[in-house]
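Those protein sequences? They're chains A and B, same order as listed.
So for the first sequence, the working numbering puts the first residue at 1113; every next one is plus one.
So for the second sequence, the working numbering puts the first residue at 678; every next one is plus one.
No wet-lab data here; the hints were simulated from the structure.
These figures come from a predicted structure and were not determined experimentally.
All C-beta atoms in this analysis are idealised placements derived from N, C-alpha and C, irrespective of residue type, glycine included.
Warning: the hint list may mix true and false statements.
[To be verified] Heads up, simulated DSS-like pairs for lysine-lysine below, C-alpha to C-alpha not over 27 Å straight-line:
hint	chain 1	residue 1	chain 2	residue 2
1	B	K816	A	K1182
2	A	K1230	B	K816
3	B	K835	A	K1187
4	B	K841	A	K1210
5	B	K777	A	K1129
6	B	K787	A	K1178
7	B	K768	A	K1178
8	A	K1210	B	K767
9	B	K777	A	K1187
10	A	K1230	B	K777
11	A	K1210	B	K777
12	B	K816	A	K1187
13	A	K1182	B	K847
14	B	K764	B	K841
15	B	K847	A	K1210
16	A	K1129	B	K816
17	A	K1187	B	K768
18	A	K1187	B	K767
19	B	K787	A	K1182
20	A	K1187	B	K764
21	B	K767	A	K1178
22	B	K768	A	K1182
23	A	K1187	B	K787
24	A	K1182	B	K763
25	B	K777	A	K1182
26	B	K835	A	K1182
27	A	K1178	B	K777
[What the hints assert, rightly or not] The following label-pair restraints were derived from C-beta to C-beta distances:
hint	chain 1	residue 1	chain 2	residue 2	range
28	B	G693	A	F1181	29 to 39 Å
29	A	Q1177	B	K767	22 to 32 Å
30	B	F875	A	S1159	53 to 63 Å
31	B	F689	A	K1230	51 to 61 Å
32	A	K1230	B	S880	45 to 55 Å
33	A	K1178	B	K872	48 to 58 Å
34	A	K1178	B	L869	48 to 58 Å
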Amino acid sequence: MSIMEYNGGAVLAMVGKNCVAIASDLRFGVQAQTLSTNFSKVFPISSKCFLGLSGLATDILTLHQKLVFKNNLYKLREEREMSPRVFANMVASTLYEKRFGPFFSEPVIAGLEGPENKPYITAMDLLGAPVDAHDFVMSGTCTPAMYGMCETLYRPNLEPDDLFETISQCLLAAFDRDAITGWGAVVHILTPTGVISRKLKGRQD
Amino acid sequence: MDSYYDFSLTTFSPSGKLVQIEYALQAVSDGATALGIKAKNGVVIATEKKLPPLMDSSSIQKVSLLTPNIGMVYAGMGPDTRVLVKKGRKKAEAYFRQYKDPITSIGIVKELASVMQEFTQSGGVRPFGVSLLIAGYDKTTGPALYQVDPSGSYFGWKATAVGKNMVNAKTFLEKRYNEDIELEDAIHIAILTLKEGFEGQMSEHNIEIGIIRSSDGQFQVLTPAMVKDYLEVLG
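So that you can see chain B by itself, here it is in the shape it has in the complex (with noise of 0.2 Å):
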């Protein structure tokens, strides 16, 4: 029955669901994994990049910098994650010009998760095919990961997954995590919970990663270079 009221977007079901939302959720769980880890002194981001063999994975980026604190990565359609990552770029820029200082992390969550709703409500669009993974530090509140879903909801987390691989991947962390745990950590745990999903062999090329240290406070895409280290360190 519920099949009958996905034509349009606006329109309840009798359950109580917008489909479109439900079907936009779908997306995302078929999306490659992407997982994030918050650490005492900063935040890890990573997601898979399994592409066909001639592709050059350089020319694809997953992990995206919104600002220089805050970083993101996202789990379901790629094309609907660039508008996103414009969208946010300009609202996080257009905030700085009237206060001069930073947007905090959950400010441009909330201005993103209002974007993503606008898109539920409205006519004649579709809500957008991803969750977002939100990464930033604040010099007043510190490490912060967030996930935003098709519906605009958003959640604040210690270490979460979205994607293909997300319900295991989040008993993996669960079990890992602490919270005391240090960047360093964070960034090995977060490639073993992405090893553990992995079909074929993980290397520095078919994995991103991006983090967020305290000391500095800048977000950064680990270069394939840095990627290789750590994952030579784990064997």
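So that you can see chain A by itself, here it is in the shape it has in the complex (with noise of 0.2 Å):
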């Protein structure tokens, strides 16, 4: 048994024209019961940064708590928001300082950089190496399938809507492979206008 399988879940994002997504399951659980359909993964840091997390469920709700502090901390000395790229290099700092006992979670972080709201991605491993993408990123128990379904069914520069569809198809699909994701997932579309969420309702199973 690996510790990053013991609650299961998965996060996803995807880049959309002048947009970002991005996702997760719902489902809360200790290896083979499930205990809650309603845990999301992914949490607002700002309206122009999300931060969606997978692993170790004790470590998903620290690893935000503690990462809001920081961020919090942050505006008040800074008296402005922290761009998506910068929260996510504190994100890799964060996990790296515990590089010899780390947090057994992967980062996920989706948001719009700058001024002119450029889309941006990132995803990181537990210990904090980050990978930048141009075009989607993904951590959790499905990567795997995730893979295959954004590979097939991503086409860059989708607009709001069609992106919706295109990361909803790829969740879906890749959750019915895997016993310990799924149970509905949340989808939230970042535009330079505003968040849009969105819950699905998958096979609850």
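Make the complex out of the two chains shown on their own, each in a separate frame, by following the hints.
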């Protein structure tokens, strides 16, 4: 048994035309037993930056609290919001601080960068090694299935509504190939004008 | 009576002062004049560098770089400044390591001010005998000029001077400053202001100038050759 597979779950982010999407499943469980179907793994950091965390649920919660803490202090000190790229680097530093006793969580960050609202996504492993991509990033227990779906369905420069459809199909199909992800999904679409969040109901098994 | 309370840094005098800070400010007032002017498209900082005739002026640098886009000059005790420059550079680099984003001018000012304040409230140390003028350029907020005092107070300025001739220099600057000046004008005004209180002949070897342009955001200390060009223009 791997500690990263104890709770199960998955997060996916995708780049569209002047927008980004970030989504996760809603399952919270302990090995085979599902305990909640309302556990979103995507958290807003600002209106232009969202954080998704997969892996061990307790570390998802603690990491989220720590990062919100750091972000709040930054906002008070600097009197400005953290840009997604800067937030991502802070997450990577935070994870690496625990290099020899890490948080068992692999983050995905999606946001709109700078005054031009340029789409930005990145993901990293539990030690904070980041990977920037221009199309999609993901983490969780069904990443192979998600990779397959994204490689097939993804096209660049999708409008927000089309991006929503695409990311939703990728998610739902991938979840069905993994016993410990699923039980619904939440999808957030970030655009310069605002965030649209939708819940998906897939197979409830 | 105040002088009875100058033995311990951490003790207030009856008049509500920390005398060591007052004395530190005195050390600053005895130091060579330093000034800074914020222009529409950049910042200039400058100082006198009056040295004995046999001293190698190129071995002494009063204007220092803290980050690629923030520089500083001081009035007061040179060795104290070196400590602050070292600490400031480290803090700026640590910030960059965490955020992969350069520290803002006000960010480094707050850090240095915090260090200077610590030395007014700790055991066994004395305040820094320097006032700093920090000049920087931030992508989001543009040109910046700040002063940090031995007490740890900091102020943002459009134009200011510290050190020996600060009162006359500030009066001079007030007359000549306006919000729309370009960096080149500001450099000329800086040189003229230094000249006002300068004893003897000013040359490229006894003044130091640092500038930062909005166009590239890079702080640079002008070489003696560049300073000479500016001096020649002014005649």
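Structure-based check of each hint:
With a CA separation close to 23 Å, the supplied pair K816/B and K1182/A stays within the 27 Å bound. Between K1230/A and K816/B the alpha-carbon distance is near 17 Å, which keeps this suggested pair within the 27 Å criterion. With a CA separation close to 26 Å, the supplied pair K835/B and K1187/A stays within the 27 Å bound. Pair hint K841/B plus K1210/A does not hold up; C-alpha atoms about 51 Å apart against a cutoff of 27 Å.
Taking the CA atoms of K777/B and K1129/A, the gap is about 26 Å. The hint holds against a cut of 27 Å. At roughly 24 Å between alpha-carbon atoms, K787/B and K1178/A fall within 27 Å of each other, so this suggested pair holds. A threshold of 27 Å between alpha carbons decides the hint, and for K768/B with K1178/A the separation of about 22 Å falls inside it, so the pair holds. Distance hint between K1210/A and K767/B is fulfilled; the C-alpha atoms sit about 22 Å from each other, no more than 27 Å.
Under the criterion of a C-alpha separation no larger than 27 Å, the hint pairing K777/B with K1187/A is consistent with the structure, at around 16 Å. Note on K1230/A and K777/B: the hinted pairing holds, with a Cα-Cα distance of about 18 Å set against a maximum of 27 Å. Among the hinted pairs, K1210/A with K777/B is consistent with the structure: their alpha-carbon atoms are about 19 Å apart, no more than 27 Å. Restraint check: the Cα-Cα separation between K816/B and K1187/A comes to about 17 Å, which is no more than 27 Å; the hinted pair holds.
A distance of roughly 41 Å separates the Cα atoms of K1182/A and K847/B; the hinted pair therefore is violated under the 27 Å criterion. Of the supplied pair hints, the one linking K764/B and K841/B holds, its CA atoms being roughly 26 Å apart against a limit of 27 Å. Between the alpha carbons of K847/B and K1210/A the distance comes to roughly 52 Å, so the proposed pair goes past 27 Å and is violated. The hinted pair formed by K1129/A and K816/B meets the criterion: a straight-line CA distance of about 26 Å does not exceed 27 Å.
Between K1187/A and K768/B, the direct Cα distance comes to roughly 18 Å. Compliance with the 27 Å bound is thereby established for this hinted pair. Restraint check: the Cα-Cα separation between K1187/A and K767/B comes to about 22 Å, which is no more than 27 Å; the hinted pair holds. Distance hint between K787/B and K1182/A is fulfilled; the C-alpha atoms sit about 18 Å from each other, no more than 27 Å. Restraint check for K1187/A and K764/B: satisfied, since their Cα atoms lie roughly 24 Å apart, inside the 27 Å limit.
Straight-line distance between C-alpha atoms of K767/B and K1178/A comes to about 24 Å, which keeps the hinted pair within the 27 Å bound. A distance of roughly 17 Å separates the Cα atoms of K768/B and K1182/A; the hinted pair therefore holds under the 27 Å criterion. Among the hinted pairs, K1187/A with K787/B is consistent with the structure: their alpha-carbon atoms are about 15 Å apart, no more than 27 Å. For the hint linking K1182/A to K763/B, the alpha-carbon distance of about 26 Å falls within 27 Å, and the restraint holds.
Distance restraint check for K777/B and K1182/A: the Cα-Cα separation of roughly 15 Å lies within the 27 Å cut-off, and the hinted pair is therefore satisfied. Note on K835/B and K1182/A: the hinted pairing is violated, with a Cα-Cα distance of about 32 Å set against a maximum of 27 Å. For the suggested pair K1178/A and K777/B, the alpha carbons sit about 19 Å apart, so the restraint of at most 27 Å is met. Between G693/B and F1181/A the beta carbons are some 37 Å apart, a value that agrees with the proposed interval 29 to 39 Å.
For Q1177/A and K767/B, the Cβ-Cβ distance of about 29 Å falls inside the hinted range of 22 to 32 Å, so the restraint holds. Roughly 54 Å separates the CB atoms of F875/B and S1159/A, a value that falls within the hinted 53 to 63 Å. Roughly 54 Å separates the CB atoms of F689/B and K1230/A, a value that falls within the hinted 51 to 61 Å. Judged by the Cβ atoms, the range 45 to 55 Å given for K1230/A and S880/B holds: they are separated by roughly 50 Å.
Between K1178/A and K872/B the Cβ separation comes to about 55 Å, which falls inside the hinted range of 48 to 58 Å. Between K1178/A and L869/B the beta carbon distance is about 53 Å. The supplied range of 48 to 58 Å therefore holds.
Hints 4, 13, 15 and 26, counting from the list given before, are not met by this structure.
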